[in-house]
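Taken in order, these protein sequences are the chains called A and B.
Residues in the first sequence are numbered consecutively from 672, following this note's numbering.
Residues in the second sequence are numbered consecutively from 7, following this note's numbering.
Some hints here could point you the wrong way.
[To be verified] Here are the simulated DSS-like cross-link-like pairs (lysine-lysine), alpha carbons at most 25 Å apart as the crow flies:
#1 B:K199 to B:K210
#2 B:K201 to B:K316
#3 B:K124 to A:K812
#4 B:K124 to A:K910
#5 B:K221 to B:K210
#6 B:K209 to B:K221
#7 B:K132 to A:K709
#8 A:K688 to A:K812
#9 A:K709 to B:K264
#10 B:K210 to A:K1040
#11 A:K910 to B:K132
#12 B:K210 to A:K1145
#13 A:K704 to B:K132
#14 B:K316 to B:K264
#15 B:K39 to A:K1118
[Claimed, not checked] Derived coverage of chain A by chain B (criterion: at least 3 residues anywhere in the stretch with Cβ under 8 Å from a Cβ of chain B; other residues may be distant):
#16 728-740
#17 941-947
#18 1023-1034
Honestly, the hints are just simulated from the structure, not real lab data.
As the structure is a prediction and not an experimental result, all values here were calculated from the model.
Cβ atoms here follow ideal geometry from the backbone N, Cα and C, with glycine treated the same way.
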Amino acid sequence: MSTTTSAPTGGQKAAAKTADYLDQRTGIGGAVKEFARKIFPDHWSFLLGEIALYSFVTLLISGVFLTMFFVPSMNEVHYDGPWPAMQGVEMSEAYASTLRLSFEVTGGLLMRQIHHWAALIFMAAIVTHMMRVFFTGAFRKPRELNWVVGFVLLILGLAAGFSGYSLPDDVLSGNGLRITDGVVRSIPILGSYLSYFIFGGEFPGHDIIPRLFTVHILLVPGLILALIGLHLFFVVLHKHTQYPGSGRTNANVVGYPLFPVYVAKAGGYFFIVFGVIALMGATMSINPVWNYGPYDPSPVSAGAQPDWYMLFLEGSLRLMPGQTEYVLFGPDGWTLSLNVLIPAVVVPGVLFTLLALYPFVESFATGDKREHHVLDRPRNRPFRTGFGVALLTAFFILVLAGSNDLIATHFHMSLNDITWAFRFLLFLGPWAAFVVTKRICLGLQRKDRELVLHGHETGQIVRFASGEYIEVHKPLDAHERWLRVQHDAIRPVEIEPAEDSRGVRRTGYRLDRMRQRLSQVFYEDRIEPVTPAELAASHSHGEHDALGSDQEKAPAQLLGEGAPTGGGRRLRSEDETDADGRNS
Amino acid sequence: MSTTHDHGHDELEPRDTAGSDLALRQGDDAVDKFENPGFGPHRPRRSDVEPEANKRAERQVVALFTISILGTLGFITAYFALPPGETIASMRVSNLALGLGLAFALLGIGLAAVHWAKSLMNDHEKAEDRHAQRSSDQTRAEAVAALKDGAQDSAIGRRGVLKGALVSSLALFPLTIALPLIGEVGEDWNVSKFKRTMWARNKKLTIDPTGRPIKASDVTIGSVVHVIPEGLHETEAPLDEKAKAVVLLVRLDPRDIKSEQGEGWSYDGIVAFSKICTHVGCPVALYEQHTHHLLCPCHQSTFDVADGAKVVFGPAKRPLPQLPITVDDEGYLVAQSDFHEPIGPSFWERLR
Chain A
672 MSTTTSAPTG
682 GQKAAAKTAD
692 YLDQRTGIGG
702 AVKEFARKIF
712 PDHWSFLLGE
722 IALYSFVTLL
732 ISGVFLTMFF
742 VPSMNEVHYD
752 GPWPAMQGVE
762 MSEAYASTLR
772 LSFEVTGGLL
782 MRQIHHWAAL
792 IFMAAIVTHM
802 MRVFFTGAFR
812 KPRELNWVVG
822 FVLLILGLAA
832 GFSGYSLPDD
842 VLSGNGLRIT
852 DGVVRSIPIL
862 GSYLSYFIFG
872 GEFPGHDIIP
882 RLFTVHILLV
892 PGLILALIGL
902 HLFFVVLHKH
912 TQYPGSGRTN
922 ANVVGYPLFP
932 VYVAKAGGYF
942 FIVFGVIALM
952 GATMSINPVW
962 NYGPYDPSPV
972 SAGAQPDWYM
982 LFLEGSLRLM
992 PGQTEYVLFG
1002 PDGWTLSLNV
1012 LIPAVVVPGV
1022 LFTLLALYPF
1032 VESFATGDKR
1042 EHHVLDRPRN
1052 RPFRTGFGVA
1062 LLTAFFILVL
1072 AGSNDLIATH
1082 FHMSLNDITW
1092 AFRFLLFLGP
1102 WAAFVVTKRI
1112 CLGLQRKDRE
1122 LVLHGHETGQ
1132 IVRFASGEYI
1142 EVHKPLDAHE
1152 RWLRVQHDAI
1162 RPVEIEPAED
1172 SRGVRRTGYR
1182 LDRMRQRLSQ
1192 VFYEDRIEPV
1202 TPAELAASHS
1212 HGEHDALGSD
1222 QEKAPAQLLG
1232 EGAPTGGGRR
1242 LRSEDETDAD
1252 GRNS
Chain B
7 MSTTHDHGHD
17 ELEPRDTAGS
27 DLALRQGDDA
37 VDKFENPGFG
47 PHRPRRSDVE
57 PEANKRAERQ
67 VVALFTISIL
77 GTLGFITAYF
87 ALPPGETIAS
97 MRVSNLALGL
107 GLAFALLGIG
117 LAAVHWAKSL
127 MNDHEKAEDR
137 HAQRSSDQTR
147 AEAVAALKDG
157 AQDSAIGRRG
167 VLKGALVSSL
177 ALFPLTIALP
187 LIGEVGEDWN
197 VSKFKRTMWA
207 RNKKLTIDPT
217 GRPIKASDVT
227 IGSVVHVIPE
237 GLHETEAPLD
247 EKAKAVVLLV
257 RLDPRDIKSE
267 QGEGWSYDGI
277 VAFSKICTHV
287 GCPVALYEQH
297 THHLLCPCHQ
307 STFDVADGAK
317 VVFGPAKRPL
327 PQLPITVDDE
337 GYLVAQSDFH
347 EPIGPSFWER
357 LR
């Protein structure tokens, strides 16, 4: 903003000297030249990952504050502080120091509540960011490895949340640990030893809080920090993806420069995220542990819920019928608790494995080795979108099942009926969600084709001399059209036959056959984008849409083709019917 | 696979890769595509065309930064004026005042910066070229040559024994950290402790948490008592013992009892069951008097106390283990023995 011709001010001189000092020792000038005006595309959905990053920074800031006052110890003390309800009660130092943080440290409660809300938002941002990446195909080559990094960050986020939730050593989190112990014990052969490994002997022991503390403030955040660094390094290396649009190609990146636009926008966004979390910490009470009491193995309260990101595990545990516990090899044999193992280990294992491996499965089915930097519109990849919605549906059904007692008490329904309904829904829901989503995607693609071929409806009705009425359509301009035709139509892979011309069986045929089958599952049902030839064909019989041109001829042509004449336009083109004909 | 040969010669050229491989694989139809029309027209903002709007936006940004300063000042004031105090109400007020001050301090900065960027900074989009991630064939060849040179310098290929010694020592040394860690981390590793509790013959049933012994005559029909063993607080690790030994005692009308887990394990309609759920170990604490059902609030396993605590619903498989009880000479409830099976969630060697 300053004028360049005037003599340098003192500030400018100092800046120049500092820059010179740094550059002589680091060569930082090269990095500044490279990155200062680096281009990033702009879209609201790209902010989801930023929310995750900034809520993590918020977690670090508030977390450091908390460690100054929290005592990670299970030594028993008798409470002597301002909170009358706990006066003289025996409790661990961890719980007592949490009370002290809440009642005696000014700003301590605020920091505790900010820390807890930030954790919930961190997980929510990770999940929605992952959904954005999934549904737009941002995980495709060359970003598959970054998808895996992000996936590991999701798991580490769960670990951070879980280990932190248990630290105050209140009765709720203690019961959470007890459930963990029960789940760990169900693991065949190693279970009991894993339980001893975690608790340093029998549950609850005296080690779990200090151990979780180390995991929570050193191990997991250290790993998260390192992987965030790697995640962002990959973003810079690959350059950010962009949504399709005019002028955007696989070979360019269109957006605004890092300095000044993203310095202001992204920097400002950190303050907004932190500010919103501070507002939540100020106005919304969370985890008031002073009401729960210290951990004691005996009491438990009804209607208690874990943090939202753990609810799906809780729901999974609740849905599993108990009959599936078996004793192997005779009456005094080994106990196999499938009633715990399946819901707590196998179900999340399947969900997470599908999520982690999806990019590799899709690229195998697509047979595509190219780099992709332009994002997909979700409608243009019906299988992927349907699959993602199905996975989410399964997740949300489990979340709801984890709240089945609250549903029962709030809506006055039978807990047992709700549980049975969810047991069926867990299998039917994702399937139905897949079918419906895929159909919606195909429908939206048909609508896109329709718009490209015939233009916008204008509401103008014209009557021909022949007496026929038609509605005038306004053709799309090149930019509107490009958005709807830019994507590739992916078709199922074609493979070479099993035997060569001499009848010798080809090696690798079975793998190819598998790939072809998978590819058919992905891409058999599809609507292909309009091609220029199709548009030209549609215009040649759609001349009537352009007013004033040969009005007599057009209807005759339509009739000649045997198309419906009512709207003056065909609803589907021949090619589309062909592609669609493979559907059933 | 038919396309690998075309990598290399133009990899470093920025290019629109859309359709190239697919076109080779799927025939020539992918060529029939629309052309990218290039950038659309730029739409100016109000602050670009109206100097008045531009000035107004600048004033708004200044006002937002000012709000942030006021927020910080408010926070400092609240820190000194409103300590959390002795009551829940004063704690809430302190939290609210501090939190609002912090929120305004942060949101002011954030909204100001974003508003500045959106309304006043240059909003013409710029384009930058992308380059293929793959390094060129020449670079690859040089990288391979560098590795070969290094391997040759070390002569590792010809020294098999050395290679073996290197790999073995690297593979073995982590044991020095892992061994003491694994050895010590699980205390004594004696997992059979899961199978016993501190209940024993003639140990009195006492009320949780006071530790007062229970007279059979004091327990009325339909009532529920949360029970701990006598002398729990004198043990070495009271919480560990309590986590296994808690018991729920219910007095039923003796005619309602359909079954028990052992002959003579109840006393005059008084039955005692482990309170630790056989599913994953939550305390089973919700008793419904008219159905004799005991519900675990964690995962809703439901047990029928009148029928040997058999599972009637939910994810648990086994009944809650029954504690055999009787009365001593003074009429106090005492245990006949420890539980006859391990309490709590299942584990692999539970029955061994």
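Results of checking the hints against the structure:
1. B:K199 to B:K210: holds (22 Å)
2. B:K201 to B:K316: holds (20 Å)
3. B:K124 to A:K812: With a Cα-Cα distance of about 32 Å, the restraint between K124 of chain B and K812 of chain A is violated, given a limit of 25 Å.
4. B:K124 to A:K910: holds (22 Å)
5. B:K221 to B:K210: holds (10 Å)
6. B:K209 to B:K221: The given pair, whose Cα atoms are some 13 Å apart, holds under the 25 Å limit.
7. B:K132 to A:K709: holds (10 Å)
8. A:K688 to A:K812: violated (44 Å)
9. A:K709 to B:K264: violated (78 Å)
10. B:K210 to A:K1040: violated (74 Å)
11. A:K910 to B:K132: Cα-Cα ~14 Å, so holds.
12. B:K210 to A:K1145: Status violated; Cα separation ~90 Å.
13. A:K704 to B:K132: The given pair, whose Cα atoms are some 16 Å apart, holds under the 25 Å limit.
14. B:K316 to B:K264: Holds, because 11 Å separates the two Cα atoms, which is no more than 25 Å.
15. B:K39 to A:K1118: Given pair K39 of chain B, K1118 of chain A holds - Cα atoms ~19 Å apart, limit 25 Å.
16. 728-740: violated (count 0)
17. 941-947: holds (count 7)
18. 1023-1034: violated (count 0)
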